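Each protein sequence line maps, in turn, to chains A and B. Each residue of the first sequence is one higher than the one before, counting from 8 in this note's numbering. Each residue of the second sequence is one higher than the one before, counting from 8 in this note's numbering.
These are calculated hints, taken from the structure and not from any lab test. A hint or two may mislead.
Pairs involving identical chains hold if they fit within one copy or between any two copies, as the list cannot separate such chains.
[Claimed, not checked] List of simulated lysine-lysine pairs, DSS-like, C-alpha gap at most 30 angstroms: (1) K80 x K101; (2) K185 x K101; (3) K80 x K185; (4) K185 x K175; (5) K173 x K80; (6) K173 x K185.
These numbers were taken from a predicted model, which means no experiment stands behind them.
2 protein chains.
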Amino acid sequence: MEVTDLPTTPQPAAPELEFWFDFASTYSYPAALRVEDLAVAHGVTVHWRAFLLGPIFQAQGWSDSPFNLYPAKGRYMWQDLQRLCHEHELEFHKPSHFPRNSVLAARIACAFDSAPWIGGFVRRVFTANFALDLDIADVEVITACLELLGQNPTVVMDTATSAESKAKLRARTEAADKLEIFGAPTFISDGELYWGNERLENALAKAAQASLGA
Amino acid sequence: MEVTDLPTTPQPAAPELEFWFDFASTYSYPAALRVEDLAVAHGVTVHWRAFLLGPIFQAQGWSDSPFNLYPAKGRYMWQDLQRLCHEHELEFHKPSHFPRNSVLAARIACAFDSAPWIGGFVRRVFTANFALDLDIADVEVITACLELLGQNPTVVMDTATSAESKAKLRARTEAADKLEIFGAPTFISDGELYWGNERLENALAKAAQASLGA
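Chain A extracted, bound-state conformation:
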């Protein structure tokens, strides 16, 4: 028997999860605050995928959030989100305006999606929107988020609003559409879609399982 005939133990692939979100999306808030800690606990790497729900909703014929277009569904969502945040021990204050314009924050999260501070930025912006009732389209609000992370807001925002970064977010949103993402949060794990905050645990379990070749 040659040494090369020995069965080789395949290296398990590093488990990965794509987290697709829009900073204006209500159920993306608890998911965004939970995803990194849970992923670490499962040994899973998170890939941050900020995109814009607006064009996705427009393609479905909606000019506004379905929670505004369907008022009973909207009233339910706010009650449900409050219960959910309470359950997850997350602060929650119903935003005085919904949905907020998330383009600037999304451009930053898209342009710097591999920066070491991306997770902290995502959590700070969601907290600003859904716990502090701040306008995340306001440059001052985003400036404060970046400063708290030790980043230079001018440098980050100049980069994020360059033609290249704008094109990157457009391409990201087109990719969401091609992946048949129809809402947020959406998780992609081992090629499968999981939609909604309450599918996060299933998506992580799938990622961990897939990496073992199960």
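With chain A's structure known, arrange chain B on it following the hints.
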């Protein structure tokens, strides 16, 4: 101190859960198969509330199931439902027609909502639709469901299709609308709405908690 001044221990109210469902509704299937066993485990009584989603959807401007109107959402739902049934160890076979006409089954479940066999009937009809791929609008399919429960199909169907029973289902569906029910399954527990199969456990916990006066 008079005897009547003694503080009385209030009797805890019997915990209750309203389960609102349409036999054509996909996510109502796992909820319907799970609700009675889980409720018993929580000491909660289930009130069966069959209604028709059609008029509710029409009021939202939809002439068909949103899973048919929004194809990406529909494709996701079938994949998600399959995963969910696997997780709950429920048989699943994608129905060859969706949504199926659920009026006859709903009239029976509404007319006989307090019969001792109602839970068994609900589970059999859902199983016919989502595990056996049978047409639940077919009198023969409903006949088989009733016979398996030891009921006289002719007597049950005659009662369920009387003018009174038809009016009862219409009133039930109007009541759903007044309660701001916008989809199924919906659970009502201590006056609060919970929408979706994955909210069943929360709704039951709320019912048990409310009965303790918590």
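A quick look at each hint next to the structure:
| no. | hint | in the structure |
| --- | --- | --- |
| 1 | K80 x K101 | both (15 angstroms within a copy, 27 angstroms between copies) |
| 2 | K185 x K101 | between (32 angstroms within a copy, 24 angstroms between copies) |
| 3 | K80 x K185 | both (27 angstroms within a copy, 13 angstroms between copies) |
| 4 | K185 x K175 | within (15 angstroms within a copy, 46 angstroms between copies) |
| 5 | K173 x K80 | between (33 angstroms within a copy, 27 angstroms between copies) |
| 6 | K173 x K185 | within (19 angstroms within a copy, 45 angstroms between copies) |
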